[in-house]
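Residue numbers (the UniProt record's numbering), protein chains in the order written: chain A, 1 to 211; chain B, 1 to 211.
Any given hint could turn out to be false.
[Said to hold, decoys possible] Within a straight-line C-alpha distance of at most 30 Å, the following computed DSBU-like cross-link-like pairs (lysine-lysine) qualify:
1) K146(A) - K160(A)
2) K16(A) - K16(B)
3) K53(B) - K16(A)
4) K16(A) - K6(B)
5) K53(A) - K129(A)
6) K30(B) - K85(A)
7) K53(B) - K6(A)
8) K105(A) - K16(A)
No wet-lab data here; the hints were simulated from the structure.
Number of protein chains: 2
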Amino acid sequence: MSEPTKIYVTYNEVHKMCQESASKILDTLKPTLIIAIGGGGFIPARILRTFLKKPGSPNIPIQAIGLSLYETLGGDGPIEEPGTKVTRTQWIDTSSLESASLIGKNILIVDEVDDTRTTLDYAIKELQKDVDKAAAQSGRSGEETKFSIFVLHNKDKPKKGHLDEKIVPPNRYLAAVTVEDVWICYPWEAPDIDEHDRLAATTSNKSLNGS
Amino acid sequence: MSEPTKIYVTYNEVHKMCQESASKILDTLKPTLIIAIGGGGFIPARILRTFLKKPGSPNIPIQAIGLSLYETLGGDGPIEEPGTKVTRTQWIDTSSLESASLIGKNILIVDEVDDTRTTLDYAIKELQKDVDKAAAQSGRSGEETKFSIFVLHNKDKPKKGHLDEKIVPPNRYLAAVTVEDVWICYPWEAPDIDEHDRLAATTSNKSLNGS
Numbered sequence: 001m002s003e004p005t006k007i008y009v010t011y012n013e014v015h016k017m018c019q020e021s022a023s024k025i026l027d028t029l030k031p032t033l034i035i036a037i038g039g040g041g042f043i044p045a046r047i048l049r050t051f052l053k054k055p056g057s058p059n060i061p062i063q064a065i066g067l068s069l070y071e072t073l074g075g076d077g078p079i080e081e082p083g084t085k086v087t088r089t090q091w092i093d094t095s096s097l098e099s100a101s102l103i104g105k106n107i108l109i110v111d112e113v114d115d116t117r118t119t120l121d122y123a124i125k126e127l128q129k130d131v132d133k134a135a136a137q138s139g140r141s142g143e144e145t146k147f148s149i150f151v152l153h154n155k156d157k158p159k160k161g162h163l164d165e166k167i168v169p170p171n172r173y174l175a176a177v178t179v180e181d182v183w184i185c186y187p188w189e190a191p192d193i194d195e196h197d198r199l200a201a202t203t204s205n206k207s208l209n210g211s
Numbered sequence: 001m002s003e004p005t006k007i008y009v010t011y012n013e014v015h016k017m018c019q020e021s022a023s024k025i026l027d028t029l030k031p032t033l034i035i036a037i038g039g040g041g042f043i044p045a046r047i048l049r050t051f052l053k054k055p056g057s058p059n060i061p062i063q064a065i066g067l068s069l070y071e072t073l074g075g076d077g078p079i080e081e082p083g084t085k086v087t088r089t090q091w092i093d094t095s096s097l098e099s100a101s102l103i104g105k106n107i108l109i110v111d112e113v114d115d116t117r118t119t120l121d122y123a124i125k126e127l128q129k130d131v132d133k134a135a136a137q138s139g140r141s142g143e144e145t146k147f148s149i150f151v152l153h154n155k156d157k158p159k160k161g162h163l164d165e166k167i168v169p170p171n172r173y174l175a176a177v178t179v180e181d182v183w184i185c186y187p188w189e190a191p192d193i194d195e196h197d198r199l200a201a202t203t204s205n206k207s208l209n210g211s
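Just chain A, with the same shape it has in the complex:
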């Protein structure tokens, strides 16, 4: 058993990954709503919004959903097996949206990493259910709602979750970088950010490949 390879990602690298991906996203995915999966999606979503803004147009709104995969949420319930169960901690509050629904939107789901794909699979399926239900209730089933996905890192490994290609075709999935199955250290979890940056500079990030 060897230690898993760790890669250290700096804030400025995350910033540039979002910046570089933004032009592709504007060209091909044309989002009208960002849904950040919290907490990992908050930071890339906020940075991305800067680079998706067109002069004279308002910012693309960011909605947040909270999904928990790896951790238990406290309480006296049974102990969860990590990676097998997704728990909602926050969901879309459509009552506050101006348009009152997701229908007809180009929705970009943002998360930091696509590891087992379980969380993304869950998010997409549940959001599609919401759209179908709202469309049936409002008689707006003729309107097309599109989902796409942006992550900073996709791990090249067998996935437990699967994206329905009818909902998210491959050309609506974008990872800034594809990596091997390494341990990714994000800056917002660094107990010492200067040491983190030193480790980022000295490790060569051999496993990074543009995707």
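With chain A fixed as given, assemble chain B onto it according to the hints.
Coordinates of chain B only, in the frame set by chain A:
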């Protein structure tokens, strides 16, 4: 008329501001729920969560609310006067919370900057209304819900919004740094992050004072 003074804040500075504030927050405010005001609150809230986590305990959940003060949201409505009207773009979806409400929580509101205080004033008043309504409906009016505020920067200037001291007493308001009425350039809005860091290093940030 002279150019307003600009200060440039790096990601690592934001990280350290959150890290340094976390011990004060744990000692005195003891939050059980973070509410991030989007988009500016997303990044400090996510970083703060890292440093508020106690070993063996789950992460403090982050809920997001979207408030818009400076920009119009499109549509055909009347043109807003900047700074005079707050619009909700997302609100708490209590139906997805395990405890189904905010009642009895220690709620920490997080935003990047306290400029005119209008947004914070609005957020606190509306959240307090939600709590009062939920408490009356559920017969839980005996439980104490506490609000506190954390911002990266407080601008030392006359405020248009006012925090009710019965809801947020002064010892439940924390700014990592108090600045004069300067123009703060946050890293997540930087069109060139390397240039941003150079400007941060060469400007002496004279107006920064710990608060």
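Comparing the hints with the structure gives:
1. K146(A) - K160(A): Roughly 23 Å separates the two Cα atoms, so the pair holds.
2. K16(A) - K16(B): Answer holds: K16(A) to K16(B) is near 21 Å, not above 30 Å.
3. K53(B) - K16(A): holds, 28 Å
4. K16(A) - K6(B): holds, 23 Å
5. K53(A) - K129(A): holds, 29 Å
6. K30(B) - K85(A): Status holds; Cα separation ~29 Å.
7. K53(B) - K6(A): holds, 22 Å
8. K105(A) - K16(A): holds, 27 Å
Of the numbered hints given earlier, the model fails none.
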